[in-house]
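Residue numbers (this note's numbering), protein chains in the order written: chain A, 1 to 422; chain B, 1 to 319.
In short, the hints are calculated from the structure, not lab data. Even for Gly, the Cβ is constructed at its ideal location relative to N, Cα and C. Just to be clear, a hint being listed does not mean it is correct.
[To be verified] With beta-carbon atoms standing in for the labels, derived distance ranges:
no.	chain 1	residue 1	chain 2	residue 2	range
1	A	378	B	72	32 to 38 Å
2	B	221	A	190	47 to 53 Å
3	A	356	B	167	22 to 28 Å
4	A	346	B	70	52 to 58 Å
5	A	115	B	38	55 to 61 Å
6	B	130	A	60	14 to 20 Å
7	A	166	B	130	30 to 36 Å
8	B	79	A	393	17 to 23 Å
9	B	147	A	405	48 to 54 Å
10	B	21	A	60	33 to 39 Å
11	A	294	B	72	31 to 37 Å
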Amino acid sequence: MFSKKGVLLTVMVFVMAASLLFGGSAELMAEDVTTITVAAFPDQDSGFNAILDDFHEKYPHIRVELEVADFDDHHQSLLTRIAAGSNVPDVANVEIAFVGDFVNRGGFENLSAEPYNADRFQEDIIGYKWAQGTNEETGNLIAMPLDISPGTLFYRRDRLEELGADIDDLQTMEDWIALGEEFAATTEEDNRWLFADAASVYEMIRRAGDYQFFDDEGEPIITSDKFVRAFELSKEVRDRGLDGNIGEWTNEWYSTFQEGTILAQPSGAWLGGHIQNWMAPETAGKWGVANLPDDMFIGWGGSFVAIPEDAENKEEAWEFIQYVTTNVEPQIGQFEAANIFPSLLAAFDHEIFEEPSDFYAGQNVRALWLDAAKQIPEVNTNRYDNIAEDIVGDALTEVLENDKDIMQALEDAEQLLRRRMR
Amino acid sequence: MKSNNNSGISDKFRLNKKVAPYVFISPFFILFLIFGLFPILYSFFLSFNSWDGIGQMSFVGLDNYAYILTDGWFWDSVQTTVIIFVLTTIPQHVFALTLAFILNSSYVKFKDFFRTSYFLPYITSAVAIALIFDVLLGTRSGLLNAFLIWMQQLPPIEFLFQTFQFDLPARWLGEPRLIRFSIAGLVTWRFTGWNMLIYFAGLQTIPRSLYEAARVDGASIRQVFTKITLPLLKPVIFFGVTMSIIGNLQLFQEPFVLVGGAGGTGRAGMTTAMYLFRTGFHWRQFGEGSAMAYVLCIFIIILSLVNKKLFSGGGLNEL
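Only chain A is shown next, with the shape it has when bound in the complex (with noise of 0.2 Å):
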């Protein structure tokens, strides 16, 4: 008996060990092909399903597998995969928030060197968005831009109408905040708002300028007259009752846009895509698009492309970079596909552009966004802008929620954030 089982137990050893061998020799057959896998977080992949059959079709000898996890995760896991040295993605997509922090750490290829000779595409992106990608250092390009997003004030169309205010009148942050007084008196509930949360205001001013945290010699310059003008304006906006108080993805927000209890929201074009899909597909035609007032043009979201130090497929990876981020064709295809907006220039002349938009009751939206993408500084970043995001934002809270004096409260935030910077 005993030896029966051990036979029959080496006999499944044996199928198991075949079966291996067996899966192993099918990818042999197909040898041409190279299986790269490309790292990505949502809705960054619905744009690179979009074009991979064309990919496909024009590079038969690569197949892209996707790989695809939540902001958050995304972002930590690739970390943690770079850190260990091993099962890291061949292409790895990084955000804004995250690209001044990975380009100035290592792990990454240099893709100013050889093979990839990268600068040659310099001139052809738009020019912030190169600068974001390079190292401060040494000023080589460690991620390839992929796609940026013009920050952008989403309006209600059908809201400015019943207030008989024209938007081209609209031009300031007072312009903005004398209408919202006057939307808010339409009501005597607290239900009518010029924004869901105070600190949208903020978060716009904040990006606006040439520098964001910290200057080009890497201080904060968090006490700035930006800073205090962001924090002023967004207690002005809370106390005269003007936010609903509500904070971003949430329930409660996305009922601001399907019922318009809000005036407008600032943000990056990539929200649009997300109210269109799935916020609030039944507002269609009720919305407007303009620029950010006081001729604020500034970056809002927008991502990265690199290569790790360990990755296996390297020259297979470069060449699908090479091909998402250089060519007309598919920068366009993600766009069509997911808002996110080419860092191409060259895709900037697309017909694409010239069309008008149902959502937004037939404006040319996209137009409207790929001006404000040209207007754009180059704006710097810093690897420590996301410990720098985290302080300055709960020193607004203080500012929002107790009243702290807010010039001591961006002193208490630069202390904090010095001390930090170890």
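For chain A, the structure is supplied; the task is to place chain B on it using the hints.
Positioned in the frame of chain A, the structure of chain B alone reads:
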């Protein structure tokens, strides 16, 4: 099929009787070494280094500890943790003990049904919980606020709300002072059933004869509970509270799903475990994060020892 068939392949692989037991229990230890012991030791090593997760590590001695012990946000997080700990641990055990006592009494039918129901939150997935509590605790669309607003129509309730300056609709997940109550409520809801099961098991070890003797002597339910049940349950309470200390001081998942990784408004929901996670994995300061983990561990040990002092002794053994 004869006995000499036993020799052959299988004999070669037959294990020595002295070795065999160790081989059989080895899977646990191998997994424990990789996923348990190694991370514990490695994070201890990390807590003396500065490391961003990618670049070179550099030894900094006790700098990380000095840094976090003088870090305002760290102490804020400790305060948040302790407040939530108190707000949830006390109701958890009071409810659990009461429910267990009622379920153990002879008055209740469908005991299994109730036991299962109370335990259900413990095994529900965090994502489902987050969705449900979002619906419950929403400011304008939340069920809890709708209920409270309806209750407010009653004059005594309205008076109560006015005295405490409790404005409706309440921002359960938006206002700093309420965030902690919301989190504590969720944790209590989730773990009361688990504690109840422990107490229920403990109650069943108390001999019936003691209760019968008490009844013969004419003791009331209250007397039975305070004079028999509670003293005999002391070791079980000790165990339950210790588990709560360990679990609730490391609170992470529940606040994370309710208010997000940044800890919500004013970091009111940022527990120490969340803060160390943010420091390590979001800010890439793994050394500081590891040091926090060890400081937190020391706090847990201290509290557990205090707890042992309070609850040691008692139980059936001392009868």
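Range hint 33 to 39 Å (beta carbons of residue 21 of chain B and residue 60 of chain A) holds or violated: violated (57 Å)
Does 52 to 58 Å hold as the CB distance between residue 346 of chain A and residue 70 of chain B, or does it fail? Holds: the Cβ-Cβ distance is about 54 Å, inside 52 to 58 Å.
Take a look at whether the Cβ-Cβ distance between residue 79 of chain B and residue 393 of chain A falls inside 17 to 23 Å. holds (20 Å)
When you take the CB atoms of residue 221 of chain B and residue 190 of chain A, is the distance between them in 47 to 53 Å? Roughly 50 Å apart at Cβ, these two residues keep to the hinted range, so it holds.
Evaluate the given range 55 to 61 Å for the C-beta pair formed by residue 115 of chain A and residue 38 of chain B. violated (38 Å)
Cβ distance range 30 to 36 Å for residue 166 of chain A and residue 130 of chain B, holds or violated: This hint is violated: roughly 43 Å between Cβ atoms.
Between residue 130 of chain B and residue 60 of chain A, does the C-beta distance stay in 14 to 20 Å? violated (44 Å)
The hint says 22 to 28 Å between residue 356 of chain A and residue 167 of chain B; measuring C-beta to C-beta, is that right? Between residue 356 of chain A and residue 167 of chain B, where Cβ atoms are some 46 Å apart, the hint is violated.
Holds or violated: 48 to 54 Å for the Cβ distance of residue 147 of chain B and residue 405 of chain A? At 39 Å between Cβs, range violated.
32 to 38 Å was suggested as the range; check whether the CB atoms of residue 378 of chain A and residue 72 of chain B agree with it. Because 35 Å falls inside the window, the suggested range holds.
Does the beta carbon distance between residue 294 of chain A and residue 72 of chain B stay inside 31 to 37 Å, or does it fall outside? holds (34 Å)
Hint compliance for this structure: hints 3, 5, 6, 7, 9, 10 are broken, all remaining hints hold.
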